[in-house]
Amino acid sequence: MIEGTILLVDDNPDDVTLTLRAFRTNNITNQVDVASDGEEALNYLLPDGEYPPKPVLILLDINLPKISGLEVLRRVRNDDRTRYLPVVVLSTSSEDRDIVESYDLGANSYIRKPVVFNEFVEAVRVLGLYWLLVNQAVTAPKGG
Amino acid sequence: MHAQASHDQLQELIDNVSAMIYMKTIDDGRYILVNREWERLIKTGREQVVNLTDHEVFPRELADKLRENDLGVARAGHTVQFEETAEFDNGVRSYLSVKFPVLDSAGKAYAVCGISTDITDRIRAEEQVRELNADLEARVVERTSELQASARELDAFSYSVSHDLRAPLRSLHGFSQAILDDYGNLLDDVGRDYLNRLQVNVQRMAQMIDDLLNLSRATRADFARESVDLSGQARDIMADLAAADPDRTVEGVIADDLKALGDRALLRMVLQNLLANAWKYTARLPVARIEFGQLDRHGEQCFFVRDDGVGFDTKYADKLFTAFQRLHPAAEFEGNGIGLAIVQRIVRRHGGQVSAESDPGHGATFYFTVAGPTEATT
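Protein chains in written order, with my numbering: chain P, 1 to 144; chain Z, 1001 to 1378.
Hints are supplied without guarantee of correctness; some may be wrong.
[What the hints assert, rightly or not] 25 Å max Cα-Cα, derived SDA-like pairs, lysine to any residue:
1. Z:Lys1280 to P:Pro114
2. P:Lys66 to Z:Leu1154
3. P:Lys66 to Z:Pro1168
4. Z:Lys1259 to Z:Thr1365
5. P:Lys66 to Z:Asp1164
6. P:Lys66 to Z:Glu1153
7. Z:Lys1280 to Z:Phe1223
8. P:Lys66 to Z:Ser1171
9. Z:Lys1280 to P:Lys66
10. P:Lys66 to Z:Asp1155
11. Z:Lys1280 to P:Val116
12. Z:Lys1043 to Z:Thr1053
13. P:Lys66 to Z:Leu1169
14. P:Lys66 to Z:Ala1167
The hints are simulated quantities; they were obtained by calculation from the structure and are not laboratory data.
With the rest of the complex left out, here is chain Z:
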């Protein structure tokens, strides 16, 4: 009675498992036990199954395969996993079959027990993931080549702009100069003034073309990542600015040993623009102070360029970094508002952020970050 109860409990257990469970004799492959899932799928009750072999249940080819696997387990003497396929009403299904030998009291294998779990959906999902990945890969390749094509077009466009727009400007400047040189005595002051204005505008346009080219270069130039000595670059730039404008008195305060990981030429362009800006907007001070350093801002290491010049109206701070946006009349301070757009593009390419603060009349501070190896992981 005790043994029967125990048997019933075990039968209950295997009947409530979603996998197919079965046991077959080794010598002739006859079924000695199946669970309810097996009965459901094969549409055969356990009373009829006992004493049948796979050859009476499945098509011959599959039955041969199953028998071969079972004998393999008997030979191996331990648990073996197989992937098996069988066709049922709901189509061809794949199973992961765990099979192990069942030993008699003498320790000799007399049966093979199998637990077959339906893994069709899992395999299908895996295939889908593989297909999606392949699809994604193909799309990335396609988009990349599209991007490369448009980059090449932009490249060709920039080149043609640089060449073709400058040539007419040279003519305008050259021939107006020729008039001033050869026929200047035939003109009065007003006439000469008109020609001078024309030349100033030609130069302004030439500068704009160069700045636009720099802006486009900031985006498309090849990008190298190396350790860049920002302090050294800042000192060089300040020396250049001082040499070009010897009448100014500017105190440059450059922090030592500031380094960033990035593109040497592009980072130099950032410092060049920020320091030249600071130089420009402190022009009216008898003694100006321009500082380059690093500080902790909102928990992030920021580089900054600070000046004590005219500053800007903070209301328009977000417009600062847009190309051709100027916050000062052109007559007051030269420039066309491209420098800070270049700064922003380069900083973004370095995975960083740029921002600005000002106390109008007392100076401005420009902050930028460069994603280093430490920041990149967060």
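In isolation and in its complexed conformation, chain P is listed as follows:
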């Protein structure tokens, strides 16, 4: 698995706890930084300073306080520093418009969080396997 930080953007502390648990269950040992709303996520990803942290994967909830996940996604895709970062939307919603809008804005994947915990663990396993092991990411983005 590739080293590096995973950014988890989720405002629900229970969901954060359970997601971290799912990582542990699947032996995903990457550091996980948590942003609990859209504003925190943007401050983290697009700070005024020159060298922002570069997470290897962003897990993004879309229903967030202050700045919505879709808006975070839009700004991340519009900034050269973050344009190519893999973003997986992890949402409760299965509404078509959320899915379509997420992909329109450049999400790499969309997963509806299952209620059954073991299904969620399995989703996180597959997700980690794919994005941290199988997928070839951009390593030297332009302007980076």
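Keeping the supplied structure of chain P fixed, place chain Z upon it in accordance with the hints.
Below, chain Z alone, put in the same frame as chain P:
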């Protein structure tokens, strides 16, 4: 004597017409003939009228207008229609005046004859119809925007339900699983059983939320009308059901080439619910049979889904399509009774009807119609 009799007959005739009838000379506009209706409205006897002009009968402006129309008819040499207005005791009245030139024996026009019919009431009625239509139009616009507003509210509500009600369920399921995984050895079988029951109910509630969302989607989703291959959809659904339940032996009998005009996604939801229902209620049969076809029922082309499962008590047939109504105990057959409510909503949106028959213990048949182009005109 003969000529006088004929003249009297004609005078009698025009006196008994409800329109105003009059004749005026062309060269100086003097009246040479009026009927009784004219006398009544102008309040002048025919003896006094003869040799008067419109300028001595009507206000100047109107008299000018009438004279201009009369001369127009003389110039045209044929019948001309005018809309004329005049004020009488009963207010301003509108007339449709048919005027034509009267020729002498040499074929030269010497007079203009007019027949003026009071069309005030007709015009008023037409105006009323126009006003009512405009009013109705405005009300339709208003109601439509009200409906759209409430649809948007429902939309927002459904969205918030889908998101906000599911999140706590994930916590309940996740943390009860964490207890089972991390502390399961500290619990006895009864304790673990309690946690399992909790999880089953959390899943049931999650399913109910999803079903409610589908029910609301069935009503609000955008609606497209196209030719939909129902036979193909039914085969796909049966294949999915078989793949999810490989231990079952079910004979699927799907009629070929059944098509309906409607929304592809919504009609699929209808078939999905009906076929899944049939699948569910035949679960106890070693070999079940599920049929999808079309037949003539009460003179109407009906689609049907038939199974040979447990059926239902026909006494409660009307309750089948009400949300959350179940005719079987939850422990016997899973489900929350929303599927058929979804079916009914979708079929109604397609202008169709849904109904069901059963021979309890031997199966059930669900019928539905979809208003096609032919049915729509009847």
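* Which of the stated hints cannot be reconciled with the structure, identified by number in ascending sequence? -> 7 and 9
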